[in-house]
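Q: Residues per chain, in single letters:
Protein chains: 2
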Amino acid sequence: MMIVDIVKKHEPITSEEIAAKLNITRAALRPDLSILTMAGILEARPRVGYFYAGKNTKSLLAEKIRSIKVSDIKAVPVVIKEETSVYDAIVTLFLEDVGTLFVVQEDGSLCGVVSRKDLLKIAMGNADIRQIPVSVIMTRMPNLVTVTMEESAFDAARKIVEHQVDALPVVKPEEFEGKVKYKVVGKVTKTTITRLFVELGRG
Amino acid sequence: MMIVDIVKKHEPITSEEIAAKLNITRAALRPDLSILTMAGILEARPRVGYFYAGKNTKSLLAEKIRSIKVSDIKAVPVVIKEETSVYDAIVTLFLEDVGTLFVVQEDGSLCGVVSRKDLLKIAMGNADIRQIPVSVIMTRMPNLVTVTMEESAFDAARKIVEHQVDALPVVKPEEFEGKVKYKVVGKVTKTTITRLFVELGRG
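Residue numbers (this note's numbering), protein chains in the order written: chain A, 2 to 204; chain B, 2 to 204.
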């Protein structure tokens, strides 16, 4: 496509300049330019000229992936109280068939996260897991990695990979008596991302 | 774009028919048709006519996802022997920082899979985990869900979701003395898929 090649090489370039290079009239060029612009291959900026805007598949896909919000994919979180014993936490994990439990205070605000890995570590020891509360082994605020509804599925997946965690609580910050508390309103896990991947692959 | 609308409505349609509908000559239509075809918006099939081929981002993304092979994304599997004790398996799990162990026979062929969940279940009981071999608690062939190098990342993710497992062994079938054995050559886990998702989102 000669027009596109010319624009790529000389951007920004006016329609007059393109017409001159192709040795055709602007009138003859106009329909091609308008099709290329409508197809998203060229971008026309008034009083500046034409730019090459043709996105490749890769960046289109990245844009699509980044457009998915946490609110579109979040799953239902399983929460327990700080006083819950490690034993009861493990039972909950199996009953609910989840990999991570979120620990909340009396007012429902997030204070910790317990993973299958944390529970396995304590369970293989000789500790009396019926006597130990999860608060002893959980990862605590403010060391928790969280995500909000407005962030993207991409942000959530990136945090999971970078912080090497299985699950993120989806939180809603709420100010209460001058202190910020985080209400748990969902979760995003590796399972959530894998499901999303399958859904995207189905098209 | 009138041409595209006409093709969408009447596909397949010849250039003569499009020209007639627009009340222009075929010569005037030709440059537009060729641009739309080169841009991948229309598809020209010789002796049949024009089709609308404009793929939306969704189907492009699905196509891309389905084009990624297991061989492009597989991770390194951690394998143990059948005689390994549950205790040693848990230690290996922590040392290698993985969620699933693959159990192999003397000849290296796959015979079982042990997950963090399997290990947690036995560790919370009162069993002597130093005495029990993993072969007692592992999921056994032929009940294992596996994937091959030639399958797609999408196939692997679909299997993970449908069979509710954390990881799949990537296997290479080998015939030995009339019996098929499966050599473990990699793994695909929810982590692998989450990493791939992040990579696709980076563009």
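Note that these hints are calculated values from the structure, not bench results. Owing to the predicted nature of the structure, the values given are computational and were not obtained by experimental measurement. Watch out, some of these pointers could steer you wrong.
[To be verified] Okay, derived cross-link-like pairs now, BS3-like style, lysine-lysine, Cα gap no bigger than 27 Å in a straight line:
(1) A:K160 / B:K65
(2) B:K65 / A:K59
(3) B:K70 / A:K9
(4) B:K118 / A:K59
(5) A:K122 / B:K122
(6) A:K65 / B:K118
(7) A:K122 / B:K65
(8) A:K70 / B:K82
(9) A:K160 / B:K9
(10) B:K70 / A:K65
(11) A:K10 / A:K59
(12) B:K122 / A:K65
(13) A:K173 / A:K82
(14) B:K82 / A:K160
(15) B:K118 / A:K82
(16) A:K65 / B:K65
(17) B:K22 / A:K59
(18) B:K65 / A:K70
(19) A:K118 / B:K65
(20) A:K118 / B:K9
(21) B:K59 / B:K70
(22) A:K160 / B:K59
(23) A:K22 / A:K9
(24) A:K118 / B:K82
[Unchecked claim] So these bits of chain B aren't anywhere near chain A, every CB distance computed over 10 Å:
(25) Y53
(26) I66
(27) V186
Every residue gets a Cβ at the ideal spot worked out from N, C-alpha and C, and that includes glycine.
Q: Now, for every hint given, state plainly whether the structure supports it.
A: Hint-by-hint comparison with the structure:
no.: 1; hint: A:K160 / B:K65; verdict: 24 Å, holds
no.: 2; hint: B:K65 / A:K59; verdict: 9 Å, holds
no.: 3; hint: B:K70 / A:K9; verdict: 33 Å, violated
no.: 4; hint: B:K118 / A:K59; verdict: 37 Å, violated
no.: 5; hint: A:K122 / B:K122; verdict: 12 Å, holds
no.: 6; hint: A:K65 / B:K118; verdict: 34 Å, violated
no.: 7; hint: A:K122 / B:K65; verdict: 40 Å, violated
no.: 8; hint: A:K70 / B:K82; verdict: 43 Å, violated
no.: 9; hint: A:K160 / B:K9; verdict: 42 Å, violated
no.: 10; hint: B:K70 / A:K65; verdict: 21 Å, holds
no.: 11; hint: A:K10 / A:K59; verdict: 22 Å, holds
no.: 12; hint: B:K122 / A:K65; verdict: 40 Å, violated
no.: 13; hint: A:K173 / A:K82; verdict: 18 Å, holds
no.: 14; hint: B:K82 / A:K160; verdict: 34 Å, violated
no.: 15; hint: B:K118 / A:K82; verdict: 22 Å, holds
no.: 16; hint: A:K65 / B:K65; verdict: 12 Å, holds
no.: 17; hint: B:K22 / A:K59; verdict: 37 Å, violated
no.: 18; hint: B:K65 / A:K70; verdict: 21 Å, holds
no.: 19; hint: A:K118 / B:K65; verdict: 34 Å, violated
no.: 20; hint: A:K118 / B:K9; verdict: 54 Å, violated
no.: 21; hint: B:K59 / B:K70; verdict: 19 Å, holds
no.: 22; hint: A:K160 / B:K59; verdict: 25 Å, holds
no.: 23; hint: A:K22 / A:K9; verdict: 13 Å, holds
no.: 24; hint: A:K118 / B:K82; verdict: 22 Å, holds
no.: 25; hint: Y53; verdict: 13 Å, holds
no.: 26; hint: I66; verdict: 4 Å, violated
no.: 27; hint: V186; verdict: 21 Å, holds
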